[in-house]
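Single-letter residue listing:
2 protein chains.
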Amino acid sequence: MENRKPLSIIKIGGNIIDDASELSQFLSDFSKIQGHKILVHGGGKSATRTAKSIGLIPQMIDGRRITDANMLDVVVMVYAGQINKNIVAQLQANDTNAIGFSGADGNLIQSEKRNHPIIDYGFVGDVQKVNTPLLQTLISSGIVPVFCAITHDKKGQLLNTNADTIASELAIALSEVFEVTLNYCFEKPGVLYDAKDDSSVIEKMNQELYAKLKSEKAIHSGMIPKLDNCFNSLSKGVQKIKIGHHKMLKNTNAIHTSIEL
Amino acid sequence: MENRKPLSIIKIGGNIIDDASELSQFLSDFSKIQGHKILVHGGGKSATRTAKSIGLIPQMIDGRRITDANMLDVVVMVYAGQINKNIVAQLQANDTNAIGFSGADGNLIQSEKRNHPIIDYGFVGDVQKVNTPLLQTLISSGIVPVFCAITHDKKGQLLNTNADTIASELAIALSEVFEVTLNYCFEKPGVLYDAKDDSSVIEKMNQELYAKLKSEKAIHSGMIPKLDNCFNSLSKGVQKIKIGHHKMLKNTNAIHTSIEL
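Top line first, the protein sequences correspond to chains A and B. The opening residue of the first sequence carries number 2 in this note's numbering; numbering runs sequentially from there. The opening residue of the second sequence carries number 2 in this note's numbering; numbering runs sequentially from there.
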């Protein structure tokens, strides 16, 4: 067998980012994770707040933001500027040698503007290509990449891209050269049988159970693209996927959902 | 003598950034410059516009922005987000493998919050240390760094930093390992004898002439820190400094000011 080094990819969402003390605790825990690692962050609420303060009205369809030119400007400012650079500065304070990236930087994540037959999503990108060799070089030299959810089309256009998708596309691409564990952190302890009951964590989720829960409508809208991403990533070579509260990173015995094919 | 490779450091200001077609032309010209290079950008007017749109009133003392917590948030969003990522995306479209950086990324530029006896500049940083080894590795592997004027204190705090100073501190640090030419691009063809007459370019400026023109008040406020930076950089090992319109980068015969000790 090959002797690939382990790589942890960790995706955090708006709930951690919007809570300064929670974020600070998470970044301290993240800094203590041994070995190669990548952080991917979203940041939905903060962008919405900034958009409102300059008079824009955010539009969503099926949980996806419609990104017109003004909204793209806001998400680039908030995700790639405010959130990304504050996370990097805090990681540096924790002696983690982080570099913040959008997909445009080093052409690390190239995407294509979404061309949907019915809905015009605006400046939204679907990932086409990850620059694996450059990422591998950076990671192997001890850099901890911190990705915001902005990509580009290599023709000069920045594009808003789903952060879960970025995490899974990075995981798929890098599984060629690393043994990748993908961790989706959110406010819940895992995927729940009953959304109202935090003690109802599904500890092992596979495709059969997923199909069953979808048909029973026990799994609802926001979780569907997340789990689709997971099964897609596993089928393309990602070693292991975990979904849960970020405390699962610090305490490996903490309850969470493991996804398997 | 050592066999150091040439490195061009080019600083552009708000006048180019605020004019989309001028910026696009500049980035195309910049992409054609042979050899190793770094771009440093300011972006004052754009930050002021964004600050006003969310109801902040920008304050300036002696041409330097007073940066309170809200204004820091705006400059981080605009400089490190909006401007930096748009420049990087355009350079990538020109097949230049740019990566955008703040000083926090890779701990590339560490600074100290300014402690002034009279004026509280707020979250403004004075450069203390450049991470020369990491920058040298990146540049030597073909990356073109694009720096915005944001640094950090390595304790988690981002700091607003003068872009001219960033350019000169990078030039000084990198002159240990490269033969550095520092180019300050602005809207004029060079340093002028008569600020109202664009044909009055001083083609060669040295310390003696600078002292004379300062005493005659022919050189005014904004130009003084710029020239102070230049003489400081030359005294610390930078090979060559040019001040002029960015067309001097494309046409080496174009009139400009050369600074020498």
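FYI, nobody ran anything at the bench for these hints, they're computed from the structure. Watch out, some of these pointers could steer you wrong.
It does not matter which identical chain is meant; a pair holds if it fits inside one copy or across any two.
List time: in silico BS3-like cross-link candidates among lysine-lysine, alpha-carbon distance up to 27 Å [as the list claims (entries may be wrong)]: (1) K155 / K33; (2) K218 / K251; (3) K218 / K241; (4) K156 / K33; (5) K53 / K114; (6) K33 / K130; (7) K53 / K130; (8) K155 / K248; (9) K130 / K241; (10) K213 / K155; (11) K155 / K189; (12) K53 / K243; (13) K156 / K205; (14) K6 / K213; (15) K241 / K155; (16) K248 / K156; (17) K213 / K251; (18) K251 / K155; (19) K243 / K189; (20) K114 / K189; (21) K114 / K248; (22) K156 / K218; (23) K251 / K156; (24) K130 / K114.
Non-conforming hints, listed in increasing numerical order: 2, 7, 10, 11, 12, 13, 14, 15, 17, 20, 21, 22
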